[in-house]
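Taking the numbering used here, I'd label the letters of the sequence shown as residues 1 to 630.
FYI, nobody ran anything at the bench for these hints, they're computed from the structure. A virtual CB, placed ideally from N, CA and C, is assigned to each residue, including glycine. Do not take every clue at face value.
[Said to hold, decoys possible] Subject to a maximum C-alpha distance of 20 Å in a straight line, what follows is the list of computed EDC-like cross-link-like pairs (lysine to aspartate or glutamate):
#1 Lys485 to Asp521
#2 Lys513 to Glu501
#3 Lys508 to Asp521
[What the hints assert, rightly or not] Simulated restraints, written as ranges between beta carbons of each label pair:
#4 Arg553 to Gln350: 51 to 57 Å
#5 Glu602 to Thr523: 37 to 43 Å
#6 Ser603 to Lys485: 34 to 40 Å
#7 Asp96 to Asp314: 50 to 56 Å
#8 Lys508 to Gln350: 54 to 60 Å
#9 Asp253 to Asp96: 52 to 58 Å
#10 Gly37 to Gly289: 27 to 33 Å
#11 Ser105 to Asp253: 21 to 27 Å
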Amino acid sequence: MQREIWNTLKQELALWRVGALPGLAVISLTILARLMGSLQFLEWGALDLFLRWRPMEAPDERITIVGIDREDLESLKYPIADGELARLLRRISAYDPIAIGLDISRELPVEPGHQELIAAFEDISNPVAVERVRPKQGSVPSLSPEQIGFSDFPLDADLHVRRYFLGMPNPRNQGEYKFALSLRLAEIYLEATEGLILENGIRDPVAMRFGDTEFPRIFPNSGGYVGTDAGGVQILLNFRNHPEAFRMLSLRDLNSGNFKADWLRDRIVLIGVTDPIYQSQIQTSAIAGLEPRSISGVEFQAHAVSQTLSAVLDDRTLLKTLADGWEYLWIFSWGFVGIAIGHHTRSLLQNAIGVGAIGCVLLGTSYGVLAWGWWLPAVPPLLALALGNLVYTTFSEYDKVLRSRIYERQRTIEHTFNVIHNGPLQTLANLLRHVRDWDWGQEKIVGELQKLNQELRALGEPLEREILTQEDSLYLGSGRKLDLKSPMHELFYEVYSSTLERDFPGFKTLKIKARTFEELDSTALSPDRKRELCRFLEEALCNVGKHATGATRLSVTGTNQQNWYVLCITDNGPGIYSLAEGRGTKQSQNLKTRLQGKFRRESHSPKGTLCELSWPVTRPRPHLFSRFKP
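Let's have the full structure, built from the sequences with the hints guiding it.
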């Protein structure tokens with residue numbers, strides 16, 4: 001039992017060594033590709049896809065956008081004069097919004113009305129003007145720092161936006177810190193409605209928080225990013241999943257009164273140009289139903305403000321990422337699962353179904369945890385899963401084919417030798433014995449040599465039929481052909497009868513020949529196993545004929561004993577005269593191993609030889625409740 005367990009363990013280790021090492025190498029290459037940033041675009045695309053697949057969200061009623069479109073600009077002319085902006089601010093302020101954000105930068109005064117614009121910012125308590133920090137374009141002069149917020153945003157290499165700034169140091173004044181327009185507006189709203197002020201983070205002192213809500217920073221290698229510029233305080237933007245996430249009014253609506261006062265009262269109002277000709281659009285694929293997949297700058301600021309308010313007031317999830325070590329463990333684990341699938345499946349179809357099912361589980365898990373705000377890598381583990389499985393399966397299948405070829409060659413060699421051993425070699429052994437004893441005359445010797453010559457020349461046909469055509473037949477040393485589709489006990493009888501007809505000295509003195517072959521369920525035996533069992537019986541009988549000189553009794557039995565079949569050959573000849581293992585004994589030992597049975601060849605008391613092969617016989621399993629008695 002221990003030897004069988006050890007052999008099974010060695011086979012398993014051999015399979016793992018052949019397929020698992022290349023599979024692990026491919027997983028390592030996948031991880032290396034991610035470390036080098038080669039998978040960034042795919043990971044970004046997967047994140048956008050998952051965000052777009054989320055359930056549709058309701059619009060955020062706390063934010064209203066005054067979008068200046070092309071028709072408005074045709075009447076105002078571009079660039080919009082400072083006086084027009086001043087009048088727009090005062091008109092909106094009359095409806096008591098909590099905060100007003102002007103997302104139109106003023107690097108230089110645009111007359112007429114520059115002084116009016118400055119006066120409007122001084123008179124109105126809650127406006128925030130916009131500026132650009134990198135590169136600096138300027139803002140409305142003479143404003144306090146609390147009335148200015150920057151609109152800069154980081155752009156990914158695929159020209160999409162997935163993150164935004166909360167704040168950053170002023171690159172032209174190291175002692176000054178700048179805050180984003182969206183953060184300024186959210187700060188005003190939260191302080192006015194909830195009494196919350198902006199503070200440093202607790203878990204991460206560099207991060208920012210309102211109350212118990214801390215905004216997780218991203219780092220150069222967070223999520224799908226590799227070596228990105230994470231300067232300042234940046235966070236991932238969880239876009240509100242609605243193509244019309246905010247109420248939008250045009251300048252014409254304000255001038256004509258085509259709106260409700262409640263749309264502005266106690267709201268955050270953002271003002272900006274929405275026409276793509278005058279204002280560059282921001283690309284995003286993370287919002288369902290958005291065509292084309294782009295939004296204006298003022299809409300982007302509204303999404304950023306909405307994320308802050310929703311996280312603090314509504315417990316809406318913020319996007320977070322795992323530490324690098326956990327992410328790469330996540331990738332490696334799925335790659336190892338792919339190798340394990342290849343190892344445990346028994347067909348290519350099962351393997352493909354297994355990889356497909358586990359791949360769906362992986363994607364479903366990555367998508368599902370996004371609801372809790374976790375951005376888990378999806379593409380690298382999917383690649384590791386598929387490639388690890390593919391490489392393992394390819395190498396293991398190649399190894400199986402190679403081993404099968406080696407096995408077939410060994411089987412051919414062994415089978416050829418068995419045919420020669422049980423035929424011509426037995427005749428030759430008998431001839432040599434009589435030549436040594438000088439009990440045959442010249443005529444008899446010549447006849448035996450002619451017989452040996454014929455047997456050797458006739459070997460080609462049975463070998464060709466049994467090996468090359470894989471015919472389910474067996475040619476005995478006597479020349480008789482057996483059909484291996486016959487029941488096993490009938491085949492044993494044919495082998496017994498045919499072999500005892502051969503001219504061996506041990507058969508000539510037999511007076512008692514007893515044989516019994518009980519029926520054997522041979523459905524679990526392959527043609528090769530049947531052939532080997534017949535060869536075993538033929539070899540054992542030939543040994544009796546060659547070595548049991550003077551034997552008078554031969555017993556050949558095949559019996560069922562406690563779910564084992566026992567094939568036993570005994571004689572009352574001289575017994576075993578040599579302890580050396582011959583070719584036949586080695587073949588019997590190999591057959592015993594393949595059948596998971598037992599073999600013994602020993603002297604039989606009071607004299608003679610016993611040769612016995614036994615192996616377990618498959619029996620129908622009893623019904624689960626066969627022993628139940630009410």
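Mind listing which of the numbered hints don't hold for this structure, in increasing order? 3, 5, 7 and 9
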